[in-house]
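So you can see what is in the structure, the chains are spelled out below.
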Amino acid sequence: MSKKTYITEDPFKDDRAQCPIKVGDFQNGEKIPMLLKLKDVRQAAKDWQTFSSDAPRRVPIPSEEELRDVRQYPIELNPPEHTKFRKLVEPFFLRPKLPEVQAKIDGLLGCMLRRMVAKGTFDAVYDLAIPVQSYALTYLLNVPEEEGERWISWGVHVTRAGDGKAKGSQMEDYNRMMFQQAKEQPGEDFYSALNQAEIDGRPLTDEEKEGFAYLAFAGGRDTIIHTMTGIIAYFAKNPDAMTFLREHPEAINTAAEEFFRLAIPLTHIGRVCPVKTNVQGHEVEAGGRISLTWAAANRDPEIFPNPDEVDLERKPNPHVSFGFGHHNCLGAHHARAIMRSFLAQFPRLVSNVQVVEAEPCMEVEKDYTRQIGFNKLVVACEPLGKTSDNGVG
Amino acid sequence: MPKVTFITSTGSRTTLENVEGNLMEIARDHDIEGIDGDCGGVCSCSTCHVYIAQSWQDKLPPTEELEADTLSFNDNQQENSRLSCQIEVTEALDGLEVIVPESD
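Line order of the protein sequences matches chains A and B. Throughout the first sequence, residue numbering follows the numbering used here, covering 1 to 393 in sequence. Throughout the second sequence, residue numbering follows the numbering used here, covering 1001 to 1104 in sequence.
Careful: at least some of the hints might be erroneous.
Unchecked claim - Straight-line Cα separation of at most 27 Å, DSS-like style, residue types lysine-lysine; simulated pairs:
hint	chain 1	residue 1	chain 2	residue 2
1	A	K3	A	K39
2	B	K1003	A	K237
3	A	K31	A	K315
4	A	K13	A	K84
5	B	K1059	A	K315
6	A	K376	A	K366
Derived by calculation from the structure, the hints in this document are not laboratory data.
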């Protein structure tokens, strides 16, 4: 099939062609060298001694020091502590690989998509992606599906409103309540497991437990939502991509990886230099930060031929949308299970999708502006089989 | 048709006959412990890392730069490390033994 340019542009294209590092100007005047090339990003992600994650609330860029009190576990830790903490929750994040959980995800997507197709016109953000993300997370955390209904009302980003300001403590209050409930009535769920977990022979503190729960909600929320709506917007412009996937289901996995590469909502993540460090000619003071700019690395032309083009069969595709090294994304199995299911089912139900109204979600910094997804994406879908008799699903 | 044997880190041996496809897919389809192939074979995740005895090296497809790069960050990398998703099984690999490392 012909290859088309992805819907969002790469704001780092010119910078990366000139220099492997761009010094970005962020909130409160913080200057952060941003690594733009894939090999540099991978190298730095692996080198936790030089580029540390032992930095509560300072791993995200911009910093979340004014946004939250809790430290996120295990992402804001270095090995060997990180390894011990990560092991405690790993069994939950591996659940999407279980056939019964995969079947639930397939069932959820099938049900939601059929409902949307029957509706005809819907907002892919609020009517589809947010409910799918919310209900699917209940399978991962092994809590009743009804809990997802409450999470739907939290919107695209559970912690930040559109202006980047703190949204309030609804999610933290909810998690505290869930830990308390799990104490009174323990089960096989995420909250009960953390209540019972031990580290170095002691139980977890409330702060540690809440830090795990915070990441479980914040980490996989807008990422999954924006990736899914990004794919729908791409299908609207390129209906032949849906035809291709319908006719070549064996390409679902490579297609999913290609959309993860291009639709990555998380521009970057930070690391702290514990001592004064020279990063390719840029001096970073002790306590200063660098950015692992995933979104720029994913379009590095030295690694990805025609990096702005969607190649649904791209291979190799060593993108870093799930990070790299010790901190690679705990939710990657979950994201892959959802997106593969979506790519398998959507083209079998829909013949054509049109954008009715789109409000892009923009990340605006002093030195770059990047579209990370949509705040609103109203689309009209034509069911497959409406005009022909190709049969549905 | 070729047969291959997978030897896991716990020592269990599984011999599969008449196989086709790449080693990662074959292992994944037969639930070989320690080969996950999370990314589906696009050289992104490194969860299909294996060791292959030196005696087979000249029959294997060469290690491309991206595969070598991905492997170079692997804590358990050895000289005979490969990503099994990059090795298509051919008649020339009949009798191949694949060693699965401890999880990285």
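Structure-based check of all given hints:
1. Pair hint K3 (chain A) plus K39 (chain A) holds up; C-alpha atoms about 25 Å apart against a cutoff of 27 Å.
2. For the hint pairing K1003 (chain B) with K237 (chain A), the CA-to-CA distance comes to about 46 Å; that exceeds 27 Å, so the pair is violated.
3. For the hint pairing K31 (chain A) with K315 (chain A), the CA-to-CA distance comes to about 36 Å; that exceeds 27 Å, so the pair is violated.
4. With a CA separation close to 39 Å, the supplied pair K13 (chain A) and K84 (chain A) exceeds the 27 Å bound.
5. A threshold of 27 Å between alpha carbons decides the hint, and for K1059 (chain B) with K315 (chain A) the separation of about 22 Å falls inside it, so the pair holds.
6. Of the pairs offered as hints, the one joining K376 (chain A) and K366 (chain A) holds, with about 24 Å between alpha carbons and a cut-off of 27 Å not exceeded.
Taken one by one, the earlier hints fail for this structure at numbers 2, 3, 4, listed in ascending order.
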